[in-house]
Every structure is written in C-alpha cells, then in structure tokens.
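Asks: Fit chain A to the known structure of chain H by using the hints.
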Amino acid sequence: MKRLGFIINPIAGLGGRVGLKGTDGMAEAAMALGGLPSAPQKGARALTGLAENRLGKEGVLLLTPPGVMGETMARAAGFSPCVADLDLAEKTSGADTIAAARKIKALGADLLLFAGGDGTARDICAALGESLPCIGIPAGVKIHSPVFARTPEAAGQLARLFLEGKSSRVCEQEVLDIDEQAYRTGRVSTKLFGYLKVPDERGCMQNRKAGTPISQKASQNLIGLAMIDAMEPDVFYLVGPGTTTRPILSNLNLGHTLLGVDVVQNRQMVKMDAAEKLILEIIKGHPFKIIVTPIGGQGYLFGRGNHQFSPEIIRQAGKQNIWVGATLEKIGSLKGEPFLVDTGDPDTDRMLAGYIRVVTGYRQEMIYPVV
Amino acid sequence: MERIDRSARVRENFHQAKWDEPIIFELSTKGERGIQVPRAEAHIRDSVGDGISLLPSHMRRAVPPALPEISQPRVLRHYMRLSQETLGADVNIEIGQGTCTVKYSPKINEVLARLPQITELHPLQDPQTVQGILEIFHRTEGMLKEISGLERFTFQPGGGSQGIFAMASMAYKYFEDKGEEKVRDEIITTLYSHPSDAAAPSVKGYKIIHIPPDKDGYPDFEAFKMAVGERTAGFFVANPEDTGVYNSRILEFTTLIHENGGLCGYDQANANGLLGVTRAREAGFDMCFFNLHKTFSTPHGCGGPACGVTGVTKALEPHLPGPLIIKKEDNSFGFDTSFLTDPRSVGKVRSFYGVAPVVLKAYSWIMSLGAEGLYEVAKVAVLNNNYLYKKLMEIPCVDAPYIRGRQRIEQVRYTIERLTRETGITSGDIQRRMMDFGMHYWTSHHPYHIPEPITLEPTETPSRDDLDEYIATLKHVFQEAYDTPEIIRTAPHRSVCHQVDGSPSDDPDQWAITWRSYLRKTAAN
Chain H
1 MKRLGFIINP
11 IAGLGGRVGL
21 KGTDGMAEAA
31 MALGGLPSAP
41 QKGARALTGL
51 AENRLGKEGV
61 LLLTPPGVMG
71 ETMARAAGFS
81 PCVADLDLAE
91 KTSGADTIAA
101 ARKIKALGAD
111 LLLFAGGDGT
121 ARDICAALGE
131 SLPCIGIPAG
141 VKIHSPVFAR
151 TPEAAGQLAR
161 LFLEGKSSRV
171 CEQEVLDIDE
181 QAYRTGRVST
191 KLFGYLKVPD
201 ERGCMQNRKA
211 GTPISQKASQ
221 NLIGLAMIDA
231 MEPDVFYLVG
241 PGTTTRPILS
251 NLNLGHTLLG
261 VDVVQNRQMV
271 KMDAAEKLIL
281 EIIKGHPFKI
291 IVTPIGGQGY
301 LFGRGNHQFS
311 PEIIRQAGKQ
321 NIWVGATLEK
331 IGSLKGEPFL
341 VDTGDPDTDR
351 MLAGYIRVVT
361 GYRQEMIYPV
371 V
Chain A
1 MERIDRSARV
11 RENFHQAKWD
21 EPIIFELSTK
31 GERGIQVPRA
41 EAHIRDSVGD
51 GISLLPSHMR
61 RAVPPALPEI
71 SQPRVLRHYM
81 RLSQETLGAD
91 VNIEIGQGTC
101 TVKYSPKINE
111 VLARLPQITE
121 LHPLQDPQTV
131 QGILEIFHRT
141 EGMLKEISGL
151 ERFTFQPGGG
161 SQGIFAMASM
171 AYKYFEDKGE
181 EKVRDEIITT
191 LYSHPSDAAA
201 PSVKGYKIIH
211 IPPDKDGYPD
221 FEAFKMAVGE
231 RTAGFFVANP
241 EDTGVYNSRI
251 LEFTTLIHEN
261 GGLCGYDQAN
271 ANGLLGVTRA
281 REAGFDMCFF
291 NLHKTFSTPH
301 GCGGPACGVT
311 GVTKALEPHL
321 PGPLIIKKED
331 NSFGFDTSFL
341 TDPRSVGKVR
351 SFYGVAPVVL
361 KAYSWIMSLG
371 AEGLYEVAKV
381 AVLNNNYLYK
391 KLMEIPCVDA
401 PYIRGRQRIE
411 QVRYTIERLT
421 RETGITSGDI
431 QRRMMDFGMH
441 YWTSHHPYHI
451 PEPITLEPTE
461 TPSRDDLDEY
471 IATLKHVFQE
481 AYDTPEIIRT
491 APHRSVCHQV
501 DGSPSDDPDQ
511 WAITWRSYLR
521 KTAAN
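Line order of the protein sequences matches chains H and A.
Just so we're aligned: 140 in this note's numbering is position 140 of the first sequence, and the numbers increase by one with no gaps anywhere.
Just so we're aligned: 191 in this note's numbering is position 191 of the second sequence, and the numbers increase by one with no gaps anywhere.
In isolation and in its complexed conformation, chain A is listed as follows:
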C-alpha cells in the first residue's frame, strides 16, 4: 500500500463545502414541526398550572410569531451546512485579519462559560444569589487595574466602539462639570488609529481632528502641536497604530494635551504586544479600554456579545457609567448605584453591567497564564509578527512603508503596490484567491492610506508551521499573479460562491436585511 504524500505546504486540492442551501424561510412547510413534547398529565397541570399564565398578560403574544415550520433534522442540517460554509478561526490559519486580532481561544474557557451556573444567570437576580459571578467581575477588574495602571473599570460597554463612546461621554461630563463643555468640542485622533476613535466621539457630537503620519509613520508631532488648543477636549489614540509602528514619544503627546487641559484616551482594543510591557498610566492616559475578545481570548463573537471594558483614573471615577460592582465592608459583592443620583455620571451606555460569560472567559484566561504568562503572550505575539515580517519582506513584490529595518509590534500593514503595477492584480484579487487555498485574508485596512494594503496580525497563538504555511500560500498566489493572472482575477474557484457584485452594497434600494424586506422588494418580480 502506498503512503499519501502530505508534504506540500500549499493546499492546492482544497475545496470548501458548497451546499447551495436555501434561506430557512424558504424551507418552511405549513404544519411541519419539530419533536413534540408530551403534554403533562391532568393532575400535574392541576397542581402547577399551565405555565403560560405565570407571565404577566402584557408580556404574552396575542398572535404566535411567524417562524418557519420545519422538522428538527432539517433545521440541524440547515445550520450544520451553513457552519461548513465559513472560513472561521477554527478552520483556517487566522492571521490575515489584521486589526481584528483573531487568536485561538482555548476551549476550556468555553466549557466553563457553558456551565448551567453561568448560562442560567439573569442580570435582574438578587445580588445575594449571584455572589460568585460578581466576585469574578471584581477580581477581573483588579487584574485589569494592574495591567493598565488605572483605577476603576466598567464592564458595561458591549464592545470597543462603545468603550470609546463611553470615554467620549466621560470627557463631556468632565468638562460639563468645569463649565467648559461648550468650548471644548474637539477630539484629536491619528489617521492610523482605529476609525472608531474618530467615529464614536463624532456620535457624541465632537468635531474630529485627524493627525497624519510623518515620514516614519509616527503621528506628525508638529501637526499635533497645531491641533492642540483651548478647543481640545481629548486625544484618542491607538499605540501601536494599525501599521504596527509604536510611538515611543507618546508621553510628549499626552503631556501636551494635559498642559492644554485636555484628557487622553488610550485605544487598547488590542494589547497583545503590550501586556506586561507598558501601561496606560505611565504613558500619561486618563482613560483606556480593552476589547476582551481581542486580547483576553473570550473570543471574537462575530458581532455577538463582547465587552469593551473601560477604565479611568481616580479623578474621572465619578463620570463612569453605572452600576459599578463593589466589594462591601462585609466582604460581599453588590452594586454602586450612585450613578442614579450623581449628575457627573454619564448614566448608562448599555443595559446592566457587562456580559457575564465573556468576563468569566477573560478571567479564566488571565488566571491560567498569570503575570509571567501575560508577558510571554506579548513577547510571542511580537516575535511571531516579526518572523512573518522578515519572511514577507524577502518577497520582492512585498513592501511595508515606514521605519525600515526596525521592529514592529504585533501587526504590519504591508503593500503589494509593485505586484499591482507589474501584473494588474490587486490586494482585493489576492483576497479572493487565498480562499481557494482555505485561507482567510481580510481587507480591513481603513483608511486605505497605504496603496494595495495587506494587514497581517498573527497574535501569539499560531505555531511556526502555521506561519510558514500561510507565507507559502501567499508566495504561491503572488507567483500566480505573474504566471496566470487570469485565474486570480476570476477567483474564487473553490469557495462557497464565486465572485459577487459588490456594487449593490452602495445602493440602499438593493438592501434586504430581513426576510420580510426581501419579499417586499422582490414582490414585483
């Protein structure tokens, strides 16, 4: 019997599952149902009631919801098939999603979060009945205080952008308290900070001032000096920025803001390269937030439950959204509800006090690593990134603007402008072709300032073999661009679907985000 050769790094025989699965509403057949649970016997009904009448009448539906009617195996088949048509973190080497920061999240933490003690919690339970999870919130806060150097955290924001929104709202309250909120209406950010650092304060009503990068990719300090003034409310910035360039002069920036009476907010959505190395406090920040899913492995929820845990210095504590979790004198845990009466608080930015399973997973991840482990995470994330950086820069058509020959932190924004010039193949084309080899390659390079960008961010979790496989696949596709460009232009060929027309996404008339609107908009056809 012959052994099968598995030595090739590039998966040329890959083909993704393709099920041509209808929308679940299209599978509905009137009267078809799932597994029927037998009705309770009369004497049981008599003693416990029908269950439904326990609900207050205003909460009961008068008409049942218009759900699709399908048998259980067909439902299962449907979702199983859809799940096979993804290129998620458990299926591919997920380093092509720079700025999104997708690391492998140990399943043990998932197991803990799925214990009934967690899944059956309700945020309106009496605090006396949820002491355990409150203690976990409290302990996690303690660890985040140590990691950042800041003094109080709220778990309420449901993600990074909401964390930034909370920071902008607190800045507003801070200046309202001083009677300066009308004058200080500008938030400064940098071009390569995450776009949410501009978008969220803009939602709060702030005017946004962008600082462009200088020749080395650092925020232009001269431009910054011109931006700072009596109208400055704050400076919201990521460091390192999405180019992986770390601004080691950050203290000069934050000092200048403080000299002008402003506040500094640190976007630490991704702190993978920073854990145990540098802290928000020492860099001169008054506020910061972490995305628990990016750094603390909770993991990414695809827009699902997340936590943009946000911290502040002592001076800003009265402005935090509430309720905060406190440890009382009798060592029990409860809520600080002073936000209800203190006009200095921003109130709430979201319901309740944070997504409990997410906080539990972060707690478990931090506890499993310890302080030394966190520092090692940072070192390995930076090592992985710089290994990838070195290998990719050896490919002639790849370049990375700024600070040549020097280390990056946890990600790099590359450019394949030369490849595009020589072959006409763009970064978007490469993205589609990478799918043919089972590799995810994302296009989150906003603000598209670097031409034909690729943003890669390995984090600490891929092995060297994983990195080599990704590099080999990229090289293979780049070579195809020179040899057989048409195969790339018309890609993907082995994915769930072929090229789709993206232009309707610019046309609201062609958006159908619910089944009902799809029916309505196609009714004339």
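Extracted from the complex, chain H is given alone in its bound form:
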C-alpha cells in the first residue's frame, strides 16, 4: 500500500483577500479583517483529483495530522486516514507544520502533499530538506516557489501519477519566500531557503511531437559544460547559487554549497561559500567573472538569494564579465517578463539594465532584457 502524507496549513491564504500580502505572524489580524480560511478547501480539491487513482481509496493510506491540519478534510473526502499522534496548538503555526512533517516522514510516507504557501514550503523544507518527495497544493497568498502545482487538482493528479509509478522522476525545486514584514512596508526582499524534491511533472506529459525534449536537468548540464569550455586560465569564477550553476562544479568534480557563492580558478576550488568581504579580497587585482542564474519564476539576477554579490563586486566585474545561465524552460516561466536586478544600489542596477547574453544550452544563447 502506498503511503501519502497530507498536511494542510489551515491558516494559509488568510491574509490574501484582506490585503496583508501574507499570513506569517498575522493570522489573527487577518481573521479580524474578515479573512476566510481557503487552504482546507484547496486541500480537499487536491484529494478529489487523487481519489480517482487506480489503486482506489483503499490503495492509498493517508498519513495526516489530526483535525484541521488534515484529518477532517481527508475524512470528508472519503479516506480513512492514519492520524499521526500529535498535540497541535489551538492556533496552529509553523512549528506544528514542522512537527507534522517529521512525524509523517517517520511513519514511512512515500510522498507528501501539503497545502499552503511559500511560508509553509519553508517549514516543510526546514523539517524534511530533500529527504522526501513533496508536492505543494497552492493555497497561500505567496506562491513564488516552483514546488507548487499549478492548481490543487493538478497537485492531486501529479500525486496520483507518482503513487501509481507513472511519474517516478523527481527534481529539486527552489523554496523561496519574501520577508512579509518588509513587503508590507513596500520593499520586496526574497530569499532562497533551500530545495524540495518534487515529482517531475514533465515526465508525465504525453504525446510529444517528436522525440524527447531534453530534461531541465540535461539542459542545465549543457549550460555547465558550455561555461566550463569558455573558462580562461587564472581567471576567478564566482559561481552563484542555484541548480543551474551546480553542474559547472559537479562537472569539474568539485563540491558546491547549496546557497552560497563558490570561487573557482583553473578548475580548482579556491573557496566554498565565500562571503562578500572574502570575495573582495580574493579578486583584488585579478580578473574575475560572476556566474549567476535568475531565480526561477521571478527572474531576479541579483538581490535575491545571492546578496554576496554586492554592488561593489558587480561594479568591479562590469556587465561584460557577468555570465548568466538559464534553461529555455526557466526563461519561459517568466512569461515574457524581463530579468530583474535589485542590488540595493541604483547606479549598479542602471549599469545592469538593458540586454544581457544568457547561456541557454551548449553553444546556445539568448539576448534577454534586464530591468
């Protein structure tokens, strides 16, 4: 029997309709303004998509926290869930999500479906890292992380395909969140918090025109190889975070840090996870290049998740020494919107604005706008 974890963050989405940009630490204020919980219904919609699976409701054992965090909706959808032994707070918070995710993993889940937003994804990421495949049911106010399915039904459908063994491939996707406190005051500040393993939806797409379009992972590898081929002796390469830049290091048989900047010279690691000050010391008086990839779904080249690249470093490099890598799929996810920069320094932002060459594959580039 397949075991499917099912967690609802019951307060996700509360802040949306009442204009609070999110619900982190604001649940009560949102309720007072008349916010209505929508996550439970969205979770239930995902379960309807799932219920049509070939294994039948009996073939899937739902593992869920008690009450509003999953049990209620699971029973309403006709499942007989295994309820995790958890003491939930009366007003649930991120701590409950983390505890529930850990408990569900311990119960031997094959996959976790969770309903919430970016904040919930962060909690799941903190609890599980990449130890269990997850699918996000979009139910929060902020849905920036590409760990969410397009719709609740699509989440259920993807879970079904995964459990039926029809879509067994998983890929790492970014968990992004903005600082809501700052956002409410008009500043956008996104951070990359880590990665979740997500079933690869592309793997269950049917009826392609011809052949197999190469996977995101293969494209990233080709970008890495193209950049390695273009590397020059003695130049320092500051490799920024992201799954796109990672193959550069793995193809050189070097390690990488998940969220940091790694410095490479002559195909050797000079410094892993270098902070701004150290980078400035290393590059002083030497030629260097910055390698970055836009944050998926948003398109930020600088200022989100790679603050190590300070305006000082970017200015020293100059636009011509910035290598950008992004798969065509990733560029497509921007839906025609330009790359964005927010270095914190308007002059540096202006220097970066215009157009930039992006490596999209092996000997394949695109000229893309930057704002």
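In case anyone wonders, no lab produced these hints; they're calculated from the structure.
These numbers come from a predicted model, not from an experiment.
A virtual CB, placed ideally from N, CA and C, is assigned to each residue, including glycine.
Accuracy of the hints is not assured; some may be wrong.
Listed next, the stretches of chain H that the computed footprint assigns to chain A, with coverage defined by at least 3 CB atoms under 8 Å from CB atoms of chain A [said to hold, decoys possible]:
#1 143-154
#2 324-336
Here are some chain A residues the structure puts well away from chain H; computed CB gaps all over 12 Å [unchecked claim]:
#3 Thr29
#4 Ile52
#5 Gln117
#6 Ser248
#7 Gly347
#8 Ala371
Replies: Frame of chain H; chain A shown alone:
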C-alpha cells in the same frame, strides 16, 4: 419509417476502431506463405535465365531475410486494421496540427504520381531516358523562382530541416570563400521561429543566438541589434512565426544583418499565407526554403519522402548542393555536375536530386491553380484562420497573447491558461479528450513559451462547416472541463487506446524501436 437525426455538430457517438492487433512478427507462423507464383517452364528458364544471377554476386544475400511468414489475407487484414486506428488527414478535420500545416491534397495529383511512368523511374537512369521528369523539375524550379524572387533552387534536401541545414552549410562555404568562416560562428534566430532554425545550424557547428519576442510578439529589435556583430554568420527566421504574428519590419532586420556582412535565410516551410503576397527577395533574404508538403500539397508523408526545396540568390549559386538540373542549349535537360570540382559547393546534402513523385505533385498542384489561384490560396488560408480566431476568442477561457484585435496570418497560438486555472484541466488533457470526438489536436507548441498552448492552423482547405464543427467540439470539451472534469482527466475513452504512460520516452533503457531490440530487452521477463 423515422429519419435519423444528424443535426448535432459534436460527434458524441463517435468511437474509433480498436483492433488490439499484434505486432506483425507475432503473427508469423513458420512455413505460412502468400500467393505462390508458378515457376516458369524449363524452356523459358533456359532462354532468360533464373533472373537472380543477373544481380552482381556482392549484392545477393547469402541468407534470406528474417521476415515474418504470413498469408496474404492476414497481411492485408493487419495493415487495414492499423490504418483504421489512425486519425489522419483523410479521416478528421485536420486543423489541430498547427505548425505542421496539414491541408487537404487533391487525389488527382496522387493518381499522377502513381502512374508507372513515375513509379518505375530510377535516379541512375541515363538522362536521355528521363527527359520528361527532368523538365518537370526544371519548370517547377521556374515557378518557385517566381514565387520567391530568388534565382536558383535545389530539390535535394529531403525536408525542411535538411533545407535549413543546406542553408547553414552554404553560409559556411560563403564565409570560407572569404576566409571568415572561423570568425563568423553565430546564427541568430527567434524564439518563435521553428526550432529547426536553431537545431540544423547547430548540427553544422554554429552557435545559436535566440531573440525573444517583445511585448507585441514581434522579435525584439533592440535585443536583435545587440546580437548582430562581427561573429554573425546569418539570421534564420520564420515570418510569420508560429504565433501567426507577421513581422512587417523584417526588412530592417535583414538590412542590419547585411550591413554587418551576414546572410539571411527565410524559413518558408509554410508559405500558405504568403503566396502571391510577399517574396523572400523583397524582404531582403539571400536564401529560403519551402516544404513542398506544407504549402504545395504533396502531401505530408509522415516522415516519408518529402522535399525541402531550397533557393538562393545569384551570389550564392556556386555554394548550392549538386547536381542541379539544367536546360541545355539544345533544349534538352541534364545535370550540372560542377559541384564535383568546385570547392565552393557544399557537395551533397542527400543522394540524387530530389524525390520525383513529390516534385511532380507540387508541379501539378501549382499548374492546376495558376498565379491567381495561388494568391487565392493565401487569401482563403488567412480568412479561414481569422474566422477561427474570432470565433475562439469569443470563448471566455480562450486567449491569444500579442497584437490584440489585429489580424493574424495563417495560424494562431492560443492559450487556455484560464481554463487550467479554473478547472485544473490542461491543454494536454484537452488533446486526449478531443480524440473521443474524432478530432486530432496536436501539441507542437515548442518552445512551450505560451502557457497551456493550442496551435491551430486551418490552411485554405477546410470549409466553413468544417471550422464550425471543430469549434463546436472544442467548446463542448471546454464546458466538460467545468462540469465533468474527471471525464477529461481520464480520457480518451473512445479511442484506440487509453492513457499511456509517457515517462518511458525519457528513459532510453525502455526504448525498443525494432522487433529485435524488443525481444532482447524483454528476454529476462
């Protein structure tokens, strides 16, 4: 007696043939055979020989091929059944195959191509014995010159991608001749041009630079200006692109390329909206190709014989692949074999000089229409498309990005993102459900830049009734997405087979493209 009501547009009672037919190798029984032709009498054998010994010994098989052994009626049943399990152009209203351009091809042209005078031709025959077909090649070339404004054509490329490859190869030779081939190593194309415009030059070794669309869907001219430089070998582009948006500033693009010393190649695989309206030469192109099956109705060969006829200006003529067909001074036809000795020629991109039956069908189609007829083809193709466009845009869940309220050329890439958001039903789901109503709806929307895309391309051949039937069926399925989405998610229900798992296509270990490899890969089971 009651009349049967046939008024419904949507074919809810449709069900496709489903034969559960084995692979032909599985039908083989040792010793089973077809119809035996009696052996020739001894005196006949004595006078003409056994036939086989006429073949040179190195061309004779030592061991007979391992073909399946089956009786003639069973073979016939097998292929008849397979043919019924398709949704081909002669069975459904084939407008759901945008970018592939499937038009109805008049059967009269097929009849001509099946005459023994054509089917029994061999490309190695003495030119004196094939003057007729050579003349048809020559005349067809003359008409393509008129349609494009270019000056010399080769029929050698076996399809569009090979035509693009020929253009990339000629660009290489052109710069080799100038000693610039090492420097000029970039080909620029646009995101919505056919992906072969990037893929084929890449095979030739070029680096590919993509230009994204601007807000209106035109290639971003500012990005283009940044892309063009001393490394630019060429600009390969489709116009209109696969969105149906026509870039009327194309001359500015080609001019900029020429100012920087590059060459321009026009992907006119599908020229349905352009015939008699605009030409490659006036748009500033040095090269172009047509897919005879897309525009000139030869028809689509499902990967079979085709022709990506490729043309060039006078300046590029020495670089064409050979042999070219020429009309000699004595008015007879023959071959120009200068490619064998001229180092400026790309040599050959394929054997011989083009697929004769395909060229004949194109010739016959053009002759049956005449110049006015070709212009009318373009007008009707654009009219059909814009009728469909208007009707579909009236459906709330359908949208089409770019140039709102303005005409498209011969196709449109729509999006049903709203339907997906509201119901969870995707374009891929709709595709499978359309089959339940006997409608083909294809998914060639590369590079999947527009979310939940549908690409429809009616061409000039469907009637208004056909278009209305297709629209009614689409509407019906969209409504189902809101009312009974599960029926779409689990579709098809009335097709040859139900949902199949597509994920093995990402895993080479699960590919078996021959019977032998299937046996080998399943041997352990």
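Asks: Which of the numbered hints are not met once you compare them with the structure shown?
Replies: No numbers; nothing is violated.
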